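Novice: The residues making up each chain are set out below.
2 protein chains.
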Amino acid sequence: MKNILRMTHQRELILEELGNCHNHPTADALYERIKKKLPRISLATVYRNLEILSEAGMIRKLEISGRQKRFDKEVEQHDHIFCVQCRRIDDIKFDQSRIISLEEDQSQGYKISGCRIEFFGICSKCQAKNKKIQKNEKDCTEGCTGDCIKDNAKKSSKKKSKRKKRKLNERQRKVLEVLATSDNICVNRDIAAATSLDPKQISCQLTALKKKGFITSPIRCQYKITKAGKAAL
Amino acid sequence: MKNILRMTHQRELILEELGNCHNHPTADALYERIKKKLPRISLATVYRNLEILSEAGMIRKLEISGRQKRFDKEVEQHDHIFCVQCRRIDDIKFDQSRIISLEEDQSQGYKISGCRIEFFGICSKCQAKNKKIQKNEKDCTEGCTGDCIKDNAKKSSKKKSKRKKRKLNERQRKVLEVLATSDNICVNRDIAAATSLDPKQISCQLTALKKKGFITSPIRCQYKITKAGKAAL
DNA sequence: TCTTGACACGGTAATGATTCTCAATTACTT
DNA sequence: AAGTAATTGAGAATCATTACCGTGTCAAGA
Ligand SMILES: [Mn+2]
Ligand SMILES: [Mn+2]
Ligand SMILES: [Zn+2]
Ligand SMILES: [Zn+2]
Numbered sequence: 001m002k003n004i005l006r007m008t009h010q011r012e013l014i015l016e017e018l019g020n021c022h023n024h025p026t027a028d029a030l031y032e033r034i035k036k037k038l039p040r041i042s043l044a045t046v047y048r049n050l051e052i053l054s055e056a057g058m059i060r061k062l063e064i065s066g067r068q069k070r071f072d073k074e075v076e077q078h079d080h081i082f083c084v085q086c087r088r089i090d091d092i093k094f095d096q097s098r099i100i101s102l103e104e105d106q107s108q109g110y111k112i113s114g115c116r117i118e119f120f121g122i123c124s125k126c127q128a129k130n131k132k133i134q135k136n137e138k139d140c141t142e143g144c145t146g147d148c149i150k151d152n153a154k155k156s157s158k159k160k161s162k163r164k165k166r167k168l169n170e171r172q173r174k175v176l177e178v179l180a181t182s183d184n185i186c187v188n189r190d191i192a193a194a195t196s197l198d199p200k201q202i203s204c205q206l207t208a209l210k211k212k213g214f215i216t217s218p219i220r221c222q223y224k225i226t227k228a229g230k231a232a233l
Numbered sequence: 001m002k003n004i005l006r007m008t009h010q011r012e013l014i015l016e017e018l019g020n021c022h023n024h025p026t027a028d029a030l031y032e033r034i035k036k037k038l039p040r041i042s043l044a045t046v047y048r049n050l051e052i053l054s055e056a057g058m059i060r061k062l063e064i065s066g067r068q069k070r071f072d073k074e075v076e077q078h079d080h081i082f083c084v085q086c087r088r089i090d091d092i093k094f095d096q097s098r099i100i101s102l103e104e105d106q107s108q109g110y111k112i113s114g115c116r117i118e119f120f121g122i123c124s125k126c127q128a129k130n131k132k133i134q135k136n137e138k139d140c141t142e143g144c145t146g147d148c149i150k151d152n153a154k155k156s157s158k159k160k161s162k163r164k165k166r167k168l169n170e171r172q173r174k175v176l177e178v179l180a181t182s183d184n185i186c187v188n189r190d191i192a193a194a195t196s197l198d199p200k201q202i203s204c205q206l207t208a209l210k211k212k213g214f215i216t217s218p219i220r221c222q223y224k225i226t227k228a229g230k231a232a233l
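Those protein sequences? They're chains X and L, same order as listed. For reference, each letter of the first sequence is one residue, going 1 to 233 in this note's numbering. For reference, each letter of the second sequence is one residue, going 1 to 233 in this note's numbering.
To be clear, the hints were calculated from the coordinates, so they are not data collected in a lab. Quick caveat: nothing in here was measured; it's all calculated off a predicted structure. Some hints could be false.
The list treats identical chains as one, so a pair stands whether inside a single copy or across any two.
Said to hold, decoys possible - Taking lysine-lysine pairs in the BS3-like style, the calculated list, with each CA pair at most 27 Å apart, reads: (1) 61 x 211; (2) 111 x 61; (3) 212 x 61; (4) 135 x 111; (5) 93 x 135; (6) 111 x 93; (7) 61 x 210; (8) 131 x 111; (9) 129 x 111; (10) 211 x 69; (11) 111 x 132; (12) 200 x 210; (13) 125 x 111.
Start from the sequences and build out the full structure, keeping to the hints where you can.
Specialist: Here you go:
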């Protein structure tokens, strides 16, 4: 009846490897590290044990906003701060008792058992990086506001997990090829003539290509291939 | 080039329906409600518009701990409290500026742009329910700690999304049938004799059955079918 | 008026993270 | 050493979310 935790080699390694991690790793990241020492370990085993160990209170499972869960060797109560740009997560110590007791008055009948405080911002490294970029950046064609930071974060996080698939379908490739061969800006009609595709189809593909960043439309109804577009061919 | 939001019928409905929701609904829940008024709407449209509307600042996307994202008609800054048992989410107002300025001293170089505070506990309804259950519960064979509450929450949340699949394989059914016919507690050997299965196989199936809640092991190595197990046959 | 292309839609496939399944193996108990 | 329940690896399944694609609608410009 008593649930004894067997200390298998796998479990031991997972615990040890998490202990060596100072950034709060995801199950996947931990799996990659452990594979080097035990190549036949399964990702499911890593997930399983991280769950079991956190259930047993030997590690902590973090549910920071975002998709992947992260794991923490430190079991003592503490909160976190994360960088919205590079996604790193650091510890912060914060006395929750004060804020909880403050909240208990207007708790709407809830019996409060805890709270999670999550700061977010930009870490010192990213601040420095941004400053450098801003200096070097002179040919910024369009206003570069907070959006591009967000885009960067999104892109980097995606690239990190898996390579981004940017496949072109038959029609998109045709359209892109026409734009690649023609030096000047093209309109729908030009492309239709060159590809013998239905103009409606072309409009649809142009939209998709623009969304992917492979073409731009400097003037309404006129398109031009981008560097990314050329690279994609 | 300019991003104009067209107010389509679908978008209007989504906005309106979210406005009528006082609990912070998931995309899926909202979809189910909207389908009643517009049966041909696509789930993808609901997701797409919730994203667009929150991007435009007309609604808010919440990343409360847990898997599904939730959406909030209230765009003013506020935090949330959720019940770990029934998963309902309520609003709380909290002055973040104080706690943020408090944190800024020891911010480890971060430029803090905000924070999310998330209280959790047990709502008044669940508290009342628990009290009732505790009174009625006299045949609680094993210590009923916080664990069963958590189990309940997990189960109910799963049931809500899809019906739980509890199928038995060939061997599991055989084992369960032996336990069902025998009134007393059985050991592995008994089952082996009755089923002509390999004892190793039986051990494995017993583990699976126990995990599913179809059998219990009141004494080590001795098994007994549960009500759920009988129901499953 | 006729084109055009941006936005949007519905349906469906794909994706990413996580969990489940199951026969085989392993680590504890006795 | 034997017996047995916990654990494993490999892969399938699940769940929430997003991407894709062909089509439709609308408003603005030729
Ligand atoms: Mn930490
Ligand atoms: Mn709210
Ligand atoms: Zn950073
Ligand atoms: Zn509740």
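Novice: Determine for every hint whether it applies to the structure shown.
Specialist: Against the structure, the hints come out as follows:
Proximity of residue 61 to residue 211 under the C-alpha cut-off of 27 Å is restricted to the inter-copy arrangement: shortest distance 23 Å between copies versus 36 Å within a copy. Both within a single protomer and between protomers do residue 111 and residue 61 lie at most 27 Å apart by alpha-carbon distance, with minima of 23 Å and 26 Å respectively. Proximity of residue 212 to residue 61 under the C-alpha cut-off of 27 Å is restricted to the inter-copy arrangement: shortest distance 24 Å between copies versus 36 Å within a copy. Taking CA atoms no more than 27 Å apart as the test, residue 135 paired with residue 111 passes between copies only; the shortest distance there is 19 Å, against 52 Å inside one copy.
Within a single copy, residue 93 and residue 135 get their C-alpha atoms no closer than 35 Å, and across copies no closer than 41 Å, so neither meets the 27 Å cut-off. In this assembly of identical chains, residue 111 and residue 93 lie within 27 Å of each other by CA distance both inside one copy and across copies; the values are 24 Å within and 17 Å between. With identical chains, the CA atoms of residue 61 and residue 210 are at most 27 Å apart between copies only, with a shortest distance of 26 Å across copies and 40 Å within one. In this assembly of identical chains, the alpha carbons of residue 131 and residue 111 lie at most 27 Å apart only when taken from different copies (13 Å versus 46 Å within one copy).
In the homo-oligomer, the alpha carbons of residue 129 and residue 111 lie at most 27 Å apart only across protomers (13 Å), although the nearest pairing inside one protomer, at 45 Å, exceeds that limit. In this assembly of identical chains, residue 211 and residue 69 lie within 27 Å of each other by CA distance solely across copies; the values are 24 Å between and 29 Å within a copy. For a Cα distance limit of 27 Å, the shortest separation of residue 111 from residue 132 across copies, 17 Å, qualifies, whereas the shortest one inside one copy, 49 Å, does not. Proximity of residue 200 to residue 210 under the C-alpha cut-off of 27 Å is restricted to the intra-copy arrangement: shortest distance 16 Å within a copy versus 60 Å between copies.
When the C-alpha separation of residue 125 and residue 111 is checked against a cutoff of 27 Å, the pair qualifies only between copies, where the shortest distance is 11 Å, while the shortest distance within a copy is 41 Å.
Violated hint for the displayed structure: number 5, the only one.
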